[in-house]
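There are 2 protein chains.
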Amino acid sequence: MTTAVLSHLSQLRSALRLDADGAAGGLQVLSTDPAELEIVRADKSGHASSAAPIGIVHARSIDDVQATLRVANALGIPVVTRGAGTGLAGGAIAGAGELVLSTLRMNRVLEISVDDELAVVEPGVLNGDLNAQLVPHGLWFAPDPASRAISTIGGNIATNAGGLLCAKYGVTREAVLGLKIVTAAGDLLSLGHRTVKGVTGFDLTALLIGSEGTLGVIVEATVKLRPLPAGPVATIGAYFETVEQAARASAVITASRLKPAIMEILDARALDAIDAYLGLALGGRGAYLLVQFDGLGAPQEADQAVPIIRSLGGDATLSRDPEEGERLFAIRRSFHPAMERQGTVLIEDVSVPRSRLPAMFAAVTDIERRFDVTIATVAHAGDGNLHPNFVFPGSEVPPKVWEAADELFRTCLRLGGTLTGEHGVGLLKRRWLREELGDVQFELQHKIKRLFDPNDILNPGKVF
Amino acid sequence: MTTAVLSHLSQLRSALRLDADGAAGGLQVLSTDPAELEIVRADKSGHASSAAPIGIVHARSIDDVQATLRVANALGIPVVTRGAGTGLAGGAIAGAGELVLSTLRMNRVLEISVDDELAVVEPGVLNGDLNAQLVPHGLWFAPDPASRAISTIGGNIATNAGGLLCAKYGVTREAVLGLKIVTAAGDLLSLGHRTVKGVTGFDLTALLIGSEGTLGVIVEATVKLRPLPAGPVATIGAYFETVEQAARASAVITASRLKPAIMEILDARALDAIDAYLGLALGGRGAYLLVQFDGLGAPQEADQAVPIIRSLGGDATLSRDPEEGERLFAIRRSFHPAMERQGTVLIEDVSVPRSRLPAMFAAVTDIERRFDVTIATVAHAGDGNLHPNFVFPGSEVPPKVWEAADELFRTCLRLGGTLTGEHGVGLLKRRWLREELGDVQFELQHKIKRLFDPNDILNPGKVF
Numbered sequence: 001m002t003t004a005v006l007s008h009l010s011q012l013r014s015a016l017r018l019d020a021d022g023a024a025g026g027l028q029v030l031s032t033d034p035a036e037l038e039i040v041r042a043d044k045s046g047h048a049s050s051a052a053p054i055g056i057v058h059a060r061s062i063d064d065v066q067a068t069l070r071v072a073n074a075l076g077i078p079v080v081t082r083g084a085g086t087g088l089a090g091g092a093i094a095g096a097g098e099l100v101l102s103t104l105r106m107n108r109v110l111e112i113s114v115d116d117e118l119a120v121v122e123p124g125v126l127n128g129d130l131n132a133q134l135v136p137h138g139l140w141f142a143p144d145p146a147s148r149a150i151s152t153i154g155g156n157i158a159t160n161a162g163g164l165l166c167a168k169y170g171v172t173r174e175a176v177l178g179l180k181i182v183t184a185a186g187d188l189l190s191l192g193h194r195t196v197k198g199v200t201g202f203d204l205t206a207l208l209i210g211s212e213g214t215l216g217v218i219v220e221a222t223v224k225l226r227p228l229p230a231g232p233v234a235t236i237g238a239y240f241e242t243v244e245q246a247a248r249a250s251a252v253i254t255a256s257r258l259k260p261a262i263m264e265i266l267d268a269r270a271l272d273a274i275d276a277y278l279g280l281a282l283g284g285r286g287a288y289l290l291v292q293f294d295g296l297g298a299p300q301e302a303d304q305a306v307p308i309i310r311s312l313g314g315d316a317t318l319s320r321d322p323e324e325g326e327r328l329f330a331i332r333r334s335f336h337p338a339m340e341r342q343g344t345v346l347i348e349d350v351s352v353p354r355s356r357l358p359a360m361f362a363a364v365t366d367i368e369r370r371f372d373v374t375i376a377t378v379a380h381a382g383d384g385n386l387h388p389n390f391v392f393p394g395s396e397v398p399p400k401v402w403e404a405a406d407e408l409f410r411t412c413l414r415l416g417g418t419l420t421g422e423h424g425v426g427l428l429k430r431r432w433l434r435e436e437l438g439d440v441q442f443e444l445q446h447k448i449k450r451l452f453d454p455n456d457i458l459n460p461g462k463v464f
Numbered sequence: 001m002t003t004a005v006l007s008h009l010s011q012l013r014s015a016l017r018l019d020a021d022g023a024a025g026g027l028q029v030l031s032t033d034p035a036e037l038e039i040v041r042a043d044k045s046g047h048a049s050s051a052a053p054i055g056i057v058h059a060r061s062i063d064d065v066q067a068t069l070r071v072a073n074a075l076g077i078p079v080v081t082r083g084a085g086t087g088l089a090g091g092a093i094a095g096a097g098e099l100v101l102s103t104l105r106m107n108r109v110l111e112i113s114v115d116d117e118l119a120v121v122e123p124g125v126l127n128g129d130l131n132a133q134l135v136p137h138g139l140w141f142a143p144d145p146a147s148r149a150i151s152t153i154g155g156n157i158a159t160n161a162g163g164l165l166c167a168k169y170g171v172t173r174e175a176v177l178g179l180k181i182v183t184a185a186g187d188l189l190s191l192g193h194r195t196v197k198g199v200t201g202f203d204l205t206a207l208l209i210g211s212e213g214t215l216g217v218i219v220e221a222t223v224k225l226r227p228l229p230a231g232p233v234a235t236i237g238a239y240f241e242t243v244e245q246a247a248r249a250s251a252v253i254t255a256s257r258l259k260p261a262i263m264e265i266l267d268a269r270a271l272d273a274i275d276a277y278l279g280l281a282l283g284g285r286g287a288y289l290l291v292q293f294d295g296l297g298a299p300q301e302a303d304q305a306v307p308i309i310r311s312l313g314g315d316a317t318l319s320r321d322p323e324e325g326e327r328l329f330a331i332r333r334s335f336h337p338a339m340e341r342q343g344t345v346l347i348e349d350v351s352v353p354r355s356r357l358p359a360m361f362a363a364v365t366d367i368e369r370r371f372d373v374t375i376a377t378v379a380h381a382g383d384g385n386l387h388p389n390f391v392f393p394g395s396e397v398p399p400k401v402w403e404a405a406d407e408l409f410r411t412c413l414r415l416g417g418t419l420t421g422e423h424g425v426g427l428l429k430r431r432w433l434r435e436e437l438g439d440v441q442f443e444l445q446h447k448i449k450r451l452f453d454p455n456d457i458l459n460p461g462k463v464f
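Just so you know, the protein sequences line up as chains A and B, in that order.
For reference, each letter of the first sequence is one residue, going 1 to 464 in the UniProt record's numbering.
For reference, each letter of the second sequence is one residue, going 1 to 464 in the UniProt record's numbering.
Think of the hints as simulated: they come from the structure by calculation, not from any bench.
Hints may be right or wrong, so weigh each one.
Which copy is meant is left open, because identical chains are indistinguishable; a pair holds if it fits in one copy or across any two.
[Stated by the list, open to error] With a Cα cut of at most 20 Å, we get these calculated EDC-like pairs of lysine to aspartate or glutamate: (1) Lys224 to Asp366; (2) Lys168 to Asp115; (3) Lys224 to Glu174; (4) Lys447 to Asp366; (5) Lys400 to Asp63; (6) Lys447 to Glu323; (7) Lys400 to Asp366; (8) Lys447 to Glu326; (9) Lys44 to Asp272; (10) Lys224 to Asp315; (11) Lys168 to Glu36; (12) Lys44 to Glu396; (13) Lys168 to Glu323; (14) Lys447 to Glu435.
Computed from a predicted model, the values in this text were never measured in an experiment.
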């Protein structure tokens, strides 16, 4: 370690009132353990930084976050805020000279208000843990990234996480009423409201949601809860000869003004992989459409959806039995583990207007052929969000995969879409951001970043 | 007019390619007609500026907006963007030396996409007009300010308008996917997406929503549509002896995980006024609770709500007949016309966490007595948003009304609420804004304003 780094760590220990080992009361707060530093070089994107960061602060409290940022801001130490590290865009990856600020230990549910249908949580609470605590109250925090069992609410908010239920229940932004954040200078700000409505000044809560650690550190969130949907779900699983047919069926379901909670499409290559993984005989099927309705209207809605699916060539099974429904769902749930058995996976995240879903699927097939790459795709069809999964051998992303991804992004923008529906920009999408935003907006966003963080210490090099 | 004003108007005419009368092709684009200028001194808040502005640009297109702002920015002319002028916080009031930029003529619905459940509209489209065009498609733009028949979508967005349906369907922010805005410098920016999901960079769409004309001019909006709720509504009207009882019933309905589309409370003084207006015999009743359920689950939900209401002292009538339901609703709809017959009305707009609704109602009664003022209150009970209506004779707001309003705001903040739920800050709430935001956030918001508008030409003196 250089003298500068040693001095930085020493000042952090002092500001956090730690002993010479970085501990307090037997608890390691500032860690320089090489094994720990190795972990935070990567996230779930498969990407890793080229060197380890200088240390990790395991914040215990808002005070710790403020103290850390005051020192970092004064000394110009770049700070990478990190929850569970489940991100898929490299946003929480830390490299040489950087300090990781982990919020994982700030994991208390501070309040559940049944009357006001809200919860106040620290950022390190896992999405699944909050939901487990809410079940007895008949309540539910709707954002449902596929990682919900292992991802933190702070991370969900920092990336404006999506998931399977967004077409009906919205993204994370719709479920956050207010935030406490610590600014780069170490100030504590309360943004937003405890109320359903509120229009006092600019909506900084929304500005922070999805800002990927570049504007401030989320230290507390007041989140909106919903009543758990009443009654059993109704689930439909349907096979099609082509993925375009499945995409058309999903479009007609939406256009029929039905509102599934979940509507997912798996393409043929995804089914092949699941086939190998589960030992099923799905092979040779062109696509799978999974549709699930919830709430009091579920049976009626499902009864309307089945004839639509069949009229468009789908071989549909409908079940109102939860166990049978879960079996229809299991095919979708097996997608990610099945992919991991195929090789190294780069998960992309393009989003197009729903009506362009068939065109985007066709483009993926075309790109796969032209660039000689393997792409298996799952789509949240209700909201037009596709996850083309590039699969390749070895641990390095081959150049042709990046070239194919580049073509994928440009196609998506041409179709009126966006290059990341729910994973964020992080490190991996930076090079296309300016293209989507345009120069004037890109500069304006950059100026907002500088306004919040004049010394550029908050997750520098990410997003922009 | 001063020489400077004459020169400013001349440069505007030139930039907009108008003749010496401010017209083009027989259409008046830049107007200095005193009668028109008189109208834009006021909005629906009852407040008016002390002098007329210098002129009104009736923008026909985005080009007109850009040309106007370029001139205004270069010359330092303050610009007040205005839709239909139905605001209740003075946000669109224009005074001496200011230029009004009206978007009322930009009133085309540019696109309705049934497949993508979205519409693209110019800012001057009336909320009610868009909804009338959507009915044949079975679609619906959910934001429903009480002014929806006469207010523009641009204005709804600029104030993040609420309404009666927000507890179930959200505020305007939840219904906007993307915006085109013109910046103070005259640049055209496309913010947001046509897609349901999208996390590329900071959410400037949300930042602009509710910014009350201080950050940019909204020239186009891509809004999210919903399927019209299926089936007939189920409506409950219930009288209570006290408003606290009605508030408790509404809280228990929410806590029972029911989700009314509408849940409104009128207090005794409101009922007295409606009594006089409609010639009914409501007098002496303590409060009225109106609850309406929609969607496929409406009958079941209403059947669960009635016993709750009765067990808490409510004299409840349930109807699934639309006409009978409309009669139960008519009492609520008569509130504003009934109030206007009582005298001059100042409509306030505080919002508290739902559970504090009984406490806030009690505080209103107490303030009415202590300050010797008359307050009739209607509340959107599902989201804790109260509109205490101060009534007084004459056209000037008496000092004791302002003192009472001041106490009202402070009480609301103490109860964890916000000083404006849905009307905005405008001119009338400025003096309390810093108190709610705190100094550090207030300064940060002000810096954002300066970043977007360095010459302070966009609605200066409003909000901040």
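| From the Cα coordinates, with 20 Å as the cut-off, is the pair Lys168 and Asp115 best called within, between, both, or neither? | between (23 Å within a copy, 15 Å between copies)
| query | How would you classify Lys400 and Asp366 at a CA-CA limit of 20 Å: within, between, both, or neither? | reply | within (14 Å within a copy, 72 Å between copies)
| message | Checking an output row: Lys224 and Glu174, CA cutoff 20 Å. Within, between, both or neither? | response | Answer is both: 8 Å inside a copy and 13 Å across each meet the 20 Å cutoff.
| task | Indicate which option fits the pair Lys447, Glu435 if close means a Cα-Cα distance not exceeding 20 Å: within, between, both or neither. | result | within (17 Å within a copy, 27 Å between copies)
| query | 20 Å Cα cut-off: does Lys168 pair with Glu323 within a copy, between copies, both or neither? | reply | neither (23 Å within a copy, 30 Å between copies)
| field | Identical-chain pair category, Lys447 with Asp366, by Cα at 20 Å | value | neither (39 Å within a copy, 48 Å between copies)
| query | Between the shortest in-copy and the shortest cross-copy C-alpha distance, which are at most 20 Å for Lys44 and Glu396: within, between, both, or neither? | reply | within (14 Å within a copy, 63 Å between copies)
| message | Regarding Lys224 and Asp315, is the shortest C-alpha distance of 20 Å or less found within a copy, between copies, in both, or in neither? | response | neither (39 Å within a copy, 32 Å between copies)
| task | Using 20 Å as the alpha carbon limit, work out where Lys224 and Asp366 are close: within a copy, between copies, both or neither. | result | Cα proximity of Lys224 and Asp366: none, with 42 Å in one copy and 31 Å across.
| message | Within, between, both or neither: how does the pair Lys44, Asp272 come out at a Cα-Cα threshold of 20 Å? | response | Result: close neither inside a copy nor across copies, 24 Å intra and 63 Å inter.
| query | Between the shortest in-copy and the shortest cross-copy C-alpha distance, which are at most 20 Å for Lys447 and Glu326: within, between, both, or neither? | reply | Neither. Shortest intra-copy (48 Å) and inter-copy (52 Å) distances fail the 20 Å Cα cut-off.
| task | Could you figure out if Lys168 and Glu36 sit no more than 20 Å apart (CA to CA) within one copy, between two copies, both or neither? | result | Close neither inside one copy (39 Å) nor across copies (45 Å); limit 20 Å.
In summary, the numbered hints that this structure violates are 1, 4, 5, 6, 8, 9, 10, 11 and 13.
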